Amino acid sequence: MKNIIYKLSLAIIISISTFSCTNTTSPVSDTIDQKDTTLSIAKQIAETKFGIEIKNYTIEKSSIKKNEFFSTVLQRHGISYPRVIEAVNASKEIFDVRRLRQGNTYYTFKTKDSTNTTEYFIYHLNKTNYIKYDFRDSIMVSEHELQIRVDTNVALGVINSSLWVSFRNAGYDPMLSMELSDIYAWTIDFYGLQKGDSYKVIYEKRYIDTTYIGLGKVLSSHFEHSSHNYKAYIFEQDSIEDYFDEEGGSLRRAFLKAPLRYSRISSRFSNSRLHPIYKIRRPHHGVDYAAPTGTPVNTIGDGKVIFIGRKGGFGKLIRIKHNGTYTTGYAHLSRYAKGLKVGNFVKQGVTIGYVGSTGAATGPHLDFRVYKSGTPIDPLKMKSPPAVPIKDSLLGEFNNTIAEFEKMYL
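The numbers in the sequence shown follow this note's numbering, run straight up by one, and end at 410.
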């Protein structure tokens with residue numbers, strides 16, 4: 001947590017970034033220990049790639065093609081077959097060359113003289129890790145991890161249709177909507193967002209050099225919904241990072257607001273609903289979430305699986321007993337999570353099955369039900385007590401953290 005506060009303070013002190021209603025990025029890296037090294041590190045990054053001085057080489061980027069082998073790739077770039085065998089032997093303890101994957105990126109560094117000799121071969125294992133072959137003398141093989149730069153960013157916006165669309169249209173990573181849906185899963189019904197709801201989010205963006213590789217953490221958020229400002233701040237307590245409101249109360253609850261992420265409500269809790277198949281009015285003591293077949297369904301709270309199987313019009317059904325009071329049901333599933341069986345204890349948020357249309361269903365959706373002491377209740381009206389708040393001994397540090405975050409919104 002102190003590292004986060006240091007980064008935020010540093011961003012403010014040296015004015016690395018200013019924030020407005022546009023997507024603004026500050027080059028604040030959690031790998032920089034002293035602010036006076038920022039310029040020298042930036043200069044070094046610009047002059048090197050994979051730790052190699054780029055001024056001496058012509059760099060070619062390509063990717064592994066279908067049915068290509070380590071030997072054919074290297075030979076195409078001028079590495080003789082005996083040197084290829086040397087490279088294979090040199091890398092045995094580090095990388096099995098038979099594991100080349102179609103589509104993975106590689107780079108060759110060739111001298112700028114008339115010989116056009118390949119002196120380095122870089123193979124990307126994934127976005128962050130690579131194997132480096134140095135052919136300049138005795139072949140040296142090593143594995144490296146690219147330095148990830150983490151920038152702090154602020155997103156501001158108003159919702160006109162959906163949170164996803166709002167982020168996308170404003171030029172932000174729309175995956176932020178998924179992050180917020182997780183943070184506020186216990187406090188905001190994201191299926192009931194309204195036009196005019198607004199947000200302010202401080203979050204991290206991860207880069208390798210200048211290439212964006214995805215979101216980091218959401219550090220803080222203000223979410224205006226139904227005339228209420230829901231605030232969230234990340235804070236570490238007992239070695240666990242979690243999100244808390246401005247008073248230090250945990251945003252986690254005993255139950256999630258919904259059992260799946262981002263769909264729409266197609267039918268609500270009712271004592272008299274016209275059944276879409278049977279064409280008669282009958283109670284519908286649950287909430288239907290329309291979603292594509294295969295959408296993961298998550299348990300809304302810790303509990304024990306007490307039923308898994310087919311049950312009449314419910315089709316494939318799972319029931320979970322959470323405590324002596326509450327039980328939940330998840331119906332019309334296409335399939336169950338692998339290995340799930342009666343008696344299993346499942347943690348909150350774990351995928352237990354997948355949306356389908358088994359049983360009496362006109363299309364793919366989840367029929368979600370909640371029972372309180374055996375009686376069905378409206379899941380959308382269920383209240384749940386908060387989790388452990390900030391300890392009194394940490395409130396001073398927590399309030400300082402809030403103050404630093406709040407400066408970032410100005």
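These are computed hints drawn from the structure, not numbers from a lab.
Small disclaimer: the values here were computed from a predicted structure and weren't measured.
One thing to keep in mind: the hints can contain errors.
[Claimed, not checked] As a list, the in silico DSBU-like pairs of lysine-lysine whose alpha-carbon atoms are at most 30 Å apart: (1) K127 x K257; (2) K311 x K347; (3) K195 x K132; (4) K372 x K257; (5) K205 x K61; (6) K127 x K110; (7) K383 x K372; (8) K132 x K110; (9) K372 x K341; (10) K217 x K311; (11) K407 x K304; (12) K49 x K65; (13) K127 x K65; (14) K321 x K338; (15) K391 x K341; (16) K66 x K110; (17) K391 x K217; (18) K127 x K304; (19) K66 x K132; (20) K217 x K65; (21) K200 x K381; (22) K205 x K132; (23) K381 x K257; (24) K391 x K257; (25) K200 x K391; (26) K195 x K381.
[Stated by the list, open to error] Label-pair distances were calculated between CB atoms; the ranges are: (27) P82 x K341: 53 to 61 Å; (28) L125 x G339: 28 to 36 Å; (29) R136 x R99: 22 to 30 Å; (30) E47 x D182: 38 to 46 Å; (31) R98 x G196: 33 to 41 Å; (32) K381 x S198: 20 to 28 Å; (33) G192 x K407: 28 to 36 Å.
No residue lacks a Cβ here, since even glycine has one placed at the ideal position from N, Cα and C.
Taking the hints in turn, this is what the structure says about them:
no., hint, in the structure
1, K127 x K257, "violated, 34 Å"
2, K311 x K347, "holds, 24 Å"
3, K195 x K132, "violated, 52 Å"
4, K372 x K257, "holds, 16 Å"
5, K205 x K61, "holds, 25 Å"
6, K127 x K110, "holds, 23 Å"
7, K383 x K372, "holds, 11 Å"
8, K132 x K110, "holds, 14 Å"
9, K372 x K341, "holds, 23 Å"
10, K217 x K311, "violated, 41 Å"
11, K407 x K304, "violated, 44 Å"
12, K49 x K65, "holds, 23 Å"
13, K127 x K65, "holds, 18 Å"
14, K321 x K338, "holds, 20 Å"
15, K391 x K341, "violated, 38 Å"
16, K66 x K110, "holds, 24 Å"
17, K391 x K217, "holds, 23 Å"
18, K127 x K304, "violated, 38 Å"
19, K66 x K132, "holds, 22 Å"
20, K217 x K65, "violated, 35 Å"
21, K200 x K381, "holds, 27 Å"
22, K205 x K132, "holds, 27 Å"
23, K381 x K257, "holds, 10 Å"
24, K391 x K257, "holds, 25 Å"
25, K200 x K391, "holds, 27 Å"
26, K195 x K381, "holds, 21 Å"
27, P82 x K341: 53 to 61 Å, "holds, 57 Å"
28, L125 x G339: 28 to 36 Å, "holds, 29 Å"
29, R136 x R99: 22 to 30 Å, "holds, 25 Å"
30, E47 x D182: 38 to 46 Å, "holds, 40 Å"
31, R98 x G196: 33 to 41 Å, "violated, 57 Å"
32, K381 x S198: 20 to 28 Å, "holds, 25 Å"
33, G192 x K407: 28 to 36 Å, "holds, 32 Å"
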